[in-house]
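A.B. asks: Sequence:
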Amino acid sequence: MSDDDKVTRGEDSESLQEQVEEKAEEVREQKLFGTFGGVFTPTLLTILGVIMYLREGWVVGNAGLLGAWLIILISFMITGFTGFSLSSITTNIRIGPGGAFSVISQSLGLEVGGSIGIPLYLAQALAVSMYIFGFRAGWQWIFPEHSALVIDLVTFVVLFGIAFVSAALAFRIQYVILAIIGLSLVSIMVGAFQGSMQHPVQWWGEFPGSPTDAFSGIGFWAVFAVFFPASTGIMAGANMSGELKNPRRSIPGGTLSAIGLSLIIYLALAYWLARSATPDELAGNYTIMIDKAAWGPPVLAGLLGATFSSALSSLVGAPRILQALSQHKIIPASDWLSSKTKGGEPRNALFLTGAIVVGALMLRNLNAVAPLITLFFLVTYAMINIVVFLEQNMQLVSFRPLFRVPRFVPLIGALGCIFAMLVVNPIFTLVAIVVVVAIHAVLIRRQLEAPFGDVRSGLFVAFAEWAAKKAGELATSKERTWKANLLVPVERVEELRKHLDFLSDISYPKGFIKLVGLTGRTGRGKLMEELPAQADKFSDAGIFASWTVISAATFGNNLQAGIETFGGTFFRPNVLFLTLPETSEREGETSDIIKTALENQIAIALLADPDNLGLGKGQMINVWFTDRSHDWDLSMELGNQDLALLLGYKLHKNWNAGLRLIASVKDSERSSEAKQFLRSVAKLARFPEVEISVQPGDPDQNLEVGEADLNIIPLPVEPDFERLRQICRRRQTACLFTRDAGDENALA
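To convert a position in the sequence shown, counted from 1, into the numbering used here, add 141.
Incorrect hints may have been included.
[Said to hold, decoys possible] Within a straight-line C-alpha distance of at most 27 Å, the following computed DSS-like cross-link-like pairs (lysine-lysine) qualify: (1) K470 - K386; (2) K386 - K483; (3) K807 - K678; (4) K483 - K624; (5) K624 - K651; (6) K639 - K791; (7) K816 - K794; (8) K624 - K639; (9) K611 - K639; (10) K678 - K639; (11) K624 - K678; (12) K481 - K624; (13) K610 - K651; (14) K736 - K791; (15) K667 - K624; (16) K470 - K624; (17) K816 - K678.
Don't read these hints as lab results, they were simulated from the structure.
Could you build the full structure based on these sequences and the hints that come with them?
C.D. replies: In C-alpha cells, the structure reads:
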C-alpha cells in the first residue's frame with residue numbers, strides 16, 4: 142500500500158470515527174423514553190378519548206348492552222389484532238423513526254411506506270384540530286359564553302408551546318391527565334357502589350337514533366361506525382419509535398397492555414351505563430356519564446383531559462412522522478424538515494404541522510372530512526397487517542420475530558380493517574385508496590434510494606416459485622405460451638453492441654435475454670465489468686435481461702456447458718442466438734453447439750451477415766418455406782418453419798415492416814398448391830397483412846422476389862456454413878437461419 146493510500150485510509154477512518162462520536166453524542170443528549178411513558182401512556186390516553194365520555198352511553202342506548210359489547214369487541218378485535226401484528230414486526234426489525242412508516246418501508250420499500258406515511262401524517266395533523274374542537278365543546282359546556290374561536294386558538298397555543306419545549310414535557314403533562322382520567326373512573330365506580338345501577342338491562346336495543354335526527358332510527362353498523370374511532374389511536378406510542386430506549390420491548394408491551402386495559406374499561410363502562418340509566422336517557426343525553434357519576438366535575442375534567450391529551454399526542458407524534466419522511470427525501474424541503482435540535486426535537490417539522498393545524502382550525506368545521514381521517518388510520522393498520530402476513534407466508538429466514546403471532550391474526554386484522562373502512566364510509570374508502578395509489582405512483586417515478594433492504598424482491602421470488610410449482614403440475618405443452626427467451630453467448634462486448642437493437646426487437650415485449658459471457662477472447666474480469674451495463678440497456682428497453690460468466694477452455698466447451706445448465710432451469714431460454722462462424726475450427730464447434738442445443742430443446746437463430754450489410758431500413762421481411770415436394774397439404778405440423786414464422790411476425794410488429802411469405806417449388810406444376818398452402822398458413826396463423834409469393838426453381842439461386850431487409854430461412858440440422866454465406870451474398874441482405882426445437886407452433 143502506498144503512503145497516499147495510507148493517508149486516505151487514515152482520513153476515512155478518522156471521518157467515520159467522528160461521525161460515530163457525533164451520533165453517539167446526539168443520542169446521549171436526546172431524551173429517550175421507556176415503555177410506560179413513551180408507549181403505554183400516550184396510547185391509553187388516545188384510546189380513552191371523547192367517544193368514551195360522550196358517545197358510549199349513546200351506543201348502549203341504541204344497541205343495548207349485548208349490541209354495545211359486540212360493537213366494542215369487533216372494534217377492539219380489529220385494532221387488537223393490528224396491535225399484535227405491529228408487536229410482531231417491531232421485534233423483527235431495527236425500527237427507525239416514524240413508527241408505522243418505518244415498519245412498512247423496511248418491508249415493502251420507501252415508495253409503499255411513503256404512500257402510507259404521507260396520508261398518515263396528514264391524518265395525525267388534522268386529528269389535532271378535531272381534538273381541539275372536542276376540547277372546546279367540553280369547555281363551552283362549562284363556560285358557554287366563551288368565544289369558540291378564542292378557545293380553539295388558545296388551546297392550540299398551549300399545545301404548541303408544550304410540544305415546542307420537548308416531548309418529555311408533553312409526557313409529564315400526560316401523567317397528570319392520566320391521573321385526572323383515573324379520578325373520573327373512580328368517580329364512576331363510586332357512583333356504582335352508591336346505587337346508580339338500579340335499572341334493568343336492555344340486552345338488545347331498538348336503535349332509535351340520536352337527538353340530532355329526531356330519533357328517526359339507525360342501523361347496527363352505523364352505530365359501529367360512530368364508535369369505531371374510539372378503538373384507534375394504537376399508533377400513538379409507535380410514532381415515538383425513534384425516541385424509545387428499547388422499541389422492540391416497549392412497543393409490544395406498551396401497545397398491547399394499553400389496548401387490553403382500554404377494552405376492559407369500555408366493556409365495564411357499558412355495563413355500568415346499561416344499569417345506570419334507561420335506554421331513552423342513554424340515547425338522548427350525551428353527558429349521561431357526568432350526570433350518573435358520584436361526582437360530575439372529575440368526569441368533566443376527564444373529558445377535557447382526554448381531548449387535550451389526544452391532541453397533544455398527535456401534535457407530538459405527527460412531526461416525527463414528517464421528519465422520518467424527510468430523512469428519506471420523500472417530500473419537498475426535506476433538508477429543512479429533517480433537521481432536529483440537539484435534544485432530538487423536530488422543530489421545523491413542528492412548525493409546518495402547526496401551520497396545518499391552524500389552517501384546519503380556521504375552516505371551523507371538519508365534519509365533512511372526519512371519516513377520511515379515520516380511513517387513513519385504517520389504511521395504515523391494514524398495511525401493517527399485510528406486511529406481517531406476507532412475511533409470514535414467504536417464510537424468509539430473515540423473518541424471525543421475538544414476538545410471534547399465528548397467521549390468522551394479521552389476516553383477520555387486514556380483512557377487519559378493510560371491512561371497517563367500508564362500514565365507516567364506502568365513498569371515502571375509495572378516495573383514500575386513490576390518494577395512496579397516486580402518491581405511490583409519484584414516488585415510484587422519484588426512484589428513491591433506501592439505506593436499508595426490503596422484502597419486495599423476496600415477495601416476487603416467492604410468487605414466482607409458487608407459479609413455477611403450479612405450472613409444473615399442468616400439461617407440458619408450451620405452444621400457446623411460447624415467447625422468445627434468448628440465450629446470447631458473448632465473447633466480446635463490442636460484438637454484442639452491434640446486435641442490441643435486433644435482439645431487443647426479437648424479444649420484445651414479453652421475452653427475456655440471458656447474456657452468457659464466455660472467457661477466452663475477453664478476460665473474466667472485463668466481462669463481469671461490462672455485461673451488467675449491457676443488461677441494463679435491455680432493461681431500459683422494457684426487456685428483462687440477466688447475465689453470467691462461464692470459464693472453460695474453448696468456445697464450444699464454454700457454451701455447451703451453459704446450454705446444458707440453463708436447459709434444466711424453469712425459466713429457461715428457448716432460442717440460442719448465434720452468428721455465422723468465421724473460421725473452419727469455429728464451424729465445427731458451432732455444429733456441435735447446435736446439436737447440443739436441439740438435444741436440450743433450445744431452438745437456433747443464426748444471424749449471417751458476411752458482408753456487413755446490416756438490416757437496411759427494416760421495412761420488409763421475407764420468410765422462406767422450403768420445397769415440400771408433393772406434400773403441400775396443410776396440417777398443424779409445419780416442419781422446420783414455426784420459429785421462422787414467429788420471429789418474422791415479431792419483427793413485422795416491432796419494426797412496423799411488411800411481411801412476405803415465400804415458397805420455393807422445384808416442380809412448377811405445384812405452384813398453385815404452394816400458393817394455396819401459403820394463404821392457408823397466413824390465415825390460420827392470423828397474419829392479416831402479408832404478401833404471398835411462390836418461386837419455382839432452386840431457392841438458393843432465386844432472386845426474383847423483391848427487395849427485403851432481412852431474409853428468414855429454415856436451417857438444416859447439419860448446416861453447410863459456406864452455403865449459408867453464399868445465400869446471403871446472392872440475396873444481398875442479412876439472413877436469419879432458424880431451427881425449431883419442438884415447442885414452437887405458429888398456428889397455435
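A.B. asks: For every hint, state whether the structure bears it out.
C.D. replies: Here's how the hints hold up against the structure:
Restraint check for K470 and K386: the C-alpha separation of about 26 Å stays at or below 27 Å, so the hint holds. A C-alpha spacing of about 17 Å is found between K386 and K483, which places the hinted pair at or below 27 Å, so the restraint holds. Taking the CA atoms of K807 and K678, the gap is about 45 Å. The hint is violated against a cut of 27 Å. Between K483 and K624, the direct Cα distance comes to roughly 59 Å. Violation of the 27 Å bound is thereby established for this hinted pair.
Proximity of K624 to K651 is assessed by CA-CA distance (about 7 Å); at most 27 Å being required, the pair is judged to hold. Between K639 and K791 the CA atoms are separated by roughly 20 Å; this keeps the pair inside 27 Å, and the hint holds. At roughly 23 Å between alpha-carbon atoms, K816 and K794 fall within 27 Å of each other, so this suggested pair holds. A hinted pair counts as satisfied when its Cα atoms are at most 27 Å apart, and K624 with K639 qualifies at roughly 23 Å.
For the suggested pair K611 and K639, the alpha carbons sit about 39 Å apart, so the restraint of at most 27 Å is broken. For the hint linking K678 to K639, the alpha-carbon distance of about 13 Å falls within 27 Å, and the restraint holds. Restraint check for K624 and K678: satisfied, since their Cα atoms lie roughly 20 Å apart, inside the 27 Å limit. For the proposed pair K481 and K624, the alpha carbon gap of about 54 Å is over 27 Å, so the pair is violated.
Our distance criterion of 27 Å between C-alpha atoms is met by K610 and K651, whose separation comes to about 21 Å. For a cut-off of 27 Å, the pair hint linking K736 to K791 stands: about 26 Å separates their Cα positions. Distance restraint check for K667 and K624: the Cα-Cα separation of roughly 31 Å exceeds the 27 Å cut-off, and the hinted pair is therefore not satisfied. Of the supplied pair hints, the one linking K470 and K624 is violated, its CA atoms being roughly 40 Å apart against a limit of 27 Å.
As the CA atoms of K816 and K678 are separated by approximately 42 Å, the hinted pair breaks the 27 Å bound.
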